[in-house]
Structures are given as structure tokens and as C-alpha cells.
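Chains E and Z, in that order, are what the protein sequence lines are.
In terms of the numbering used here, the first sequence has 68 at position 68, counting the first letter as 1, and numbering is strictly consecutive.
In terms of the numbering used here, the second sequence has 434 at position 164, counting the first letter as 1, and numbering is strictly consecutive.
Keep in mind that the hints were calculated from the coordinates and are not lab data.
Glycine included, C-beta positions come from ideal geometry on N, C-alpha and C.
Where hints are given, some of them may not hold.
What the hints assert, rightly or not - Computed beta-carbon distance windows for the label pairs:
1) G310/Z x R92/E: 48 to 58 Å
2) L291/Z x L96/E: 13 to 23 Å
3) R430/Z x V31/E: 37 to 47 Å
4) R278/Z x M161/E: 54 to 64 Å
5) G104/E x L272/Z: 19 to 29 Å
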Amino acid sequence: MRNLWLGGVLTAIFAGMAVLSFLWTPYDPTVLDIANKIKTPTLAHPLGTDHFGRDILSMIMVGARTSIAVALVAVGIGMGLGVPLGLTAAARKGGLLDELIMRGNDLVFAFPSLLIAIMITAVFGASAVNAIIAIGIFNIPVFARLTRSGALSLWTRDYVMAARVAGKGATRISIEHILPNVTNLLIVQGTIQFSLGILAEAGLSYVGLGAQPPTASWGRMLADSQTMISFAPHMALFPGLAILLTVLGLNLMGDGLRDLFDPKLRRARS
Amino acid sequence: MLHYLLKRLLSLAVSLVVASLVIFLALEVVPGDPAAYMLGINAQEDTLAALREELGLNGSVLERYLSWAGGLLQGDFGTSYTYRTPVAEMIGERLWISLPLALYALTLSTLIAFPAGIWAASKRGSPVDVTVMGVTQLGVAIPNFWFAMLMVLVFAINLRWFSAGGFVGWDAGFLLAMKSLTLPAIALALPQASILARVMRSSLLDTLSEDFIRTARAKGLSKRQALWRHALRNALIPVLTIIGLQFSFLLAGAIIIENVFFLPGLGRLVFQSISARDLIVVESVVMLLVFAVIVVNFLVDLAYAIVDPRLRGRR
């Protein structure tokens with residue numbers, strides 16, 4: 001439970017910052033103020049300013065928006081396509097459709113999200129939307145596999161048998177009886193993919209395949225700070241900490257949720 | 271076993287063909303004519319046509335796929351649009367940085383994760399276990415390129431133990447070359463080691479609670495003997511899977527880390543090629559990496575079948 005609380009609080013802080021940034025930020029993160037460039041943290045700028053004099057706290061707040069939006073939509077894509085695929089595969093276990101879906105999954109699995117992003121960028125150019133698509137595609141097989149394996153263990157249950165005897169079709173059983181019972185699994189995995197998505201978005205933006213200027217993004221802030229790290233380490237420190245704490249919060253929350261849903265797993269969780 | 275092997279080989283071949291088709295088609299839809307790009311806007315129509323012919327751009331999609339894939343099989347990756355040198359040569363040079371880097375990181379990750387995971391599992395609930403779990407929780411959450419930047423700040427800029435970036439080349443001697451890969455390898459290894467240590471721990475804890483361990487203990491083996499003689503070997507299967515998966519992630523992850531350390535590896539090549547719209551190079555590097563992932567997973571599957579005969583019937 002301690003994990004869940006700590007994770008929940010950390011996540012809430014960054015989610016809150018993202019929401020707040022729509023209404024208010026200490027400074028406008030797009031306005032340059034060269035007179036105040038590369039200032040270490042002061043009262044006026046609690047996290048200092050960057051090489052263009054922009055307020056780092058404001059940029060982190062707006063960057064939270066990008067990170068969370070990209071990762072959240074990518075999880076949505078993964079679940080939206082992966083869960084129906086997994087349910088279908090489980091309902092048709094051993095059939096041609098199951099085989100096709102699972103082989104397709106294996107194939108997508110062979111493409112790390114970075115490679116998908118590289119291909120998409122090579123074709124369409126870099127943008128936050130392309131980062132979402134790349135991470136989203138990567139998420140599909142994760143959810144498809146999880147849903148299938150969760151669903152398979154449910155198809156042998158008595159209540160599913162009863163539903164079949166009552167004349168319900170495979171699709172209806174999948175939606176009415178299987179899906180509600182794999183929701184816990186999906187929530188836990190969703191939290192983990194969310195945190196992986198934040199890391200992936202940061203990585204993609206860092207190498208220039210993600211959000212483009214003027215969209216603020218934690219990964220790009222780090223890329224900008226790299227050449228100045230010897231004399232302005234604060235520029236690299238805070239965006240990195242923001243990523244670390246958000247991902248840590250989501251992971252702790254995922255662990256906590258898993259414990260909550262399935263106390264048996266508490267013994268040996270990875 | 272032979273039947274299993276044949277079946278897996280067939281599925282390996284199918285995966286490779288489908289993957290190559292996906293990559294080829296994805297990059298085929300790109301608008302723009304490489305020949306026009308190479309010759310610039312003032313090119314004469316007949317020069318363009320000649321170059322298109324030379325690059326093999328005139329055939330149908332199927333013809334071009336077959337000639338590309340056929341070339342790949344013979345180690346001919348085509349000619350770079352920008353540098354006019356064989357892509358295979360360019361990749362070959364860069365691979366001598368990226369591949370050793372990934373292997374170095376994999377070795378480090380395994381060397382850190384095994385003792386940490388085993389130690390934590392054997393002292394479950396103790397301060398050691400809590401520390402390992404806490405540190406690995408951080409290790410999983412840290413962006414490796416940020417960790418790399420922090421290491422540059424501490425070990426290169428402040429302490430001056432390592433250079434902040436660049437690669438001295440293998441000609442400078444093995445040790446010096448490895449030294450310039452050390453910080454990148456640590457940065458790559460840290461998150462992977464954290465994941466691996468956690469998997470090792472939980473897999474070992476699972477095995478330790480099984481009946482055969484109780485039997486071994488009842489026969490008079492000490493806890494330590496039961497762990498080393500019986501539990502460890504049985505706990506290795508999920509760990510092997512993760513190591514297999516990690517190799518491919520390390521190879522792809524190297525692309526980002528190379529950027530932090532200005533290493534002229536595959537990653538730099540890919541990013542340069544993207545900005546120069548040298549798609550044939552992008553296509554080849556992506557294919558090579560996907561090929562590596564598929565083959566490594568195939569080898570891991572094969573390793574299972576050898577380690578555990580029960581798995582041969584599965585799938």
C-alpha cells in the first residue's frame with residue numbers, strides 16, 4: 001500500500017503540473033529573455049533559466065503536458081487495438097485467426113519503438129504525433145498478448161461455460177464475461193506502459209525524433225542542455241529529475257495496484 | 271528435436287521475409303525521387319533517367335523488392351544516395367562500435383544483475399533485499415541518456431577519468447578502445463541490469479518455494495546448497511528470455527546513447543541518413559537491427575529447447 005500511495009502522489013504532482021500549465025505558469029516558456037540566460041536557481045526562478053533565459057520550471061510544467069499526452073494516447077492506441085485482438089485470439093484459440101494474430105504480434109515485437117519511430121520519421125518527418133504512433137504501435141502486441149493469456153485462463157471457468165450453454169456467442173462472452181475480468185491486469189500493465197511511454201517519448205525527443213520546437217518537451221530540454229552541462233548542470237538536472245520521478249511514480253503505482261488486485265503476487269514480484 | 275528445429279527455422283524464415291517486406295514497403299511510400307535529390311534541381315532529364323536506371327529505380331515495386339532482398343542475402347545493401355559508397359561498407363565500419371558496445375553493456379548488465387538478484391532472493395526481506403529492490407526501482411525509472419549525461423559531468427568533466435565522448439578507434443589498442451566505450455556501456459547497462467536483477471530475484475523466489483526444493487532441504491541440504499545446486503538452474507529460464515530480449519533493446523538503445531557520447535556508430539549513421547534523406551541507409555540499418563532481434567529470439571527459443579525438453583512441444 002505504501003507503494004501505491006507514494007506512486008500515486010508522485011504521479012498526481014506531475015499530472016497536476018501538466019493540468020495547471022494550461023491555466024498558469026510562472027513565466028511564459030516561449031518568451032526569450034537573453035538578459036537572464038543560464039541563471040542558477042533563485043527565488044524568482046526556482047529551477048533557474050536556460051540558455052535563452054526561459055524559466056525552467058515553466059518549461060518543465062509545459063513539458064509534463066507533452067510527456068503525459070504522448071504516453072497516454074500511446075497506451076490508448078495499444079489498448080484500443082491490442083485488447084480486441086487478444087480477446088479475439090483467445091476466443092478462437094488454436095484457430096487460424098489466433099495463429100495470425102499471434103504471429104503478427106511476434107513480428108511487431110521485433111521492432112523496438114525506436115526503430116518504428118526512425119522509419120516513421122524517415123517517411124513523414126519528426127513530430128510528437130509520430131512519436132505517439134511509434135510508441136502506440138509498440139504497445140499493441142503487449143496488450144494483445146496480455147489479454148489473450150488472461151482470457152485463455154478464463155475461458156475454462158464454469159461461468160463462461162454456463163454462458164455458452166445459455167447460448168451466448170463468443171463475441172458476447174468476450175465482452176460481457178472475459179473483458180471485465182481482465183481489467184485489473186490491463187490497468188496494471190497500462191500503468192507500466194504509461195511509464196515506458198514517458199521514457200520512450202523523452203528518448204525520442206532527445207534524439208530529435210519527437211516533439212519539435214516550440215513544443216516544450218523534457219527530452220529536448222535535455223538535448224539542449226547537453227553541450228552546456230559543464231557550466232550549467234542545472235539545465236540538465238531538473239528535466240531529468242522530472243522524467244525520473246514521473247516514471248518512478250507510475251512504476252510504484254503499478255506495483256501497488258498489482259498488490260492491491262492480487263495479494264498472491266505480493267510474495268515475488270519483479 | 272529435429273521436427274521442432276525445422277518448424278522453428280521455417281517460422282524464422284517467414285518472419286524475416288515479412289519483416290523485410292514491411293520495412294521495404296514502409297520506406298517505399300516516401301514521396302520524392304532519390305535520383306532528383308542526388309543530382310539537385312538543375313539536373314537534366316536524361317541524366318536523371320540514367321541515374322534512375324543505375325540505381326534500379328525504374329522497375330516495379332516487386333522487382334525492386336526482389337533485387338533489394340536478393341542483394342541483402344549476398345551482403346550487398348546497395349549504394350548510399352549521399353555518399354555514393356556501398357551501404358554495406360558504411361554499416362560494417364559503424365557496426366564495429368555499436369556491436370561491441372551492446373555486448374559490453376550486456377556483459378556488465380549480467381555481471382551486476384546475477385549477484386544482486388541472487389543475493390536479494392537468498393536474503394529475502396533483509397536490508398540487502400530492500401536495498402537491491404530500491405536501487406533497481408530507481409534504475410528502471412532513470413532515462414539512460416540522462417544518466418549518461420550525469421556520468422559525463424562527474425567522471426569526464428570533474429574527475430577527468432574518462433573522455434567526455436568520441437571513440438579512439440580499435441587501432442589505438444583494445445584497452446583504450448574499451449575505455450572509451452566504458453561510460454556508454456554503463457549507461458546502457460544500468461536500466462537493463464535493474465530489470466534483470468528483479469527478474470532473477472522473483473524467478474529464484476518462485477523456484478525456492480517449489481516442492482523439489484523442500485525435498486532437497488528435507489534430504490539435508492542447507493539452504494545455500496539447495497539454492498546453488500537446484501534452484502538457480504531452474505530459475506534461469508525467464509532470466510534467459512530477458513537477456514535475449516535485452517540484447518536487441520541494447521542494440522537499439524545504443525543508437526540513443528551513441529548520441530550522448532558522439533560515438534560514430536550505427537545510431538549516428540541513421541540520424542545523419544534521416545536528415546540527408548538517404549533512405550537506403552535507413553532501410554538497411556533498420557533491417558539489420560530487426561534481423562538481429564528476430565535471430566536472437568530464435569536462438570533463445572532454441573536454447574530453451576535444449577535446456578528444457580518440456581518446452582519442445584509448446585507453440
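Hint by hint, here is what the structure shows:
1. The given range of 48 to 58 Å is respected by G310/Z and R92/E, whose C-beta atoms sit roughly 55 Å from each other.
2. Distance hint for L291/Z and L96/E: a CB-CB separation of about 20 Å, consistent with the stated range 13 to 23 Å.
3. Checking the proposed 37 to 47 Å range against R430/Z and V31/E shows it holds: the Cβ atoms sit about 38 Å from each other.
4. At about 35 Å, the beta-carbon gap between R278/Z and M161/E misses the expected band of 54 to 64 Å.
5. Between G104/E and L272/Z the Cβ separation comes to about 28 Å, which falls inside the hinted range of 19 to 29 Å.
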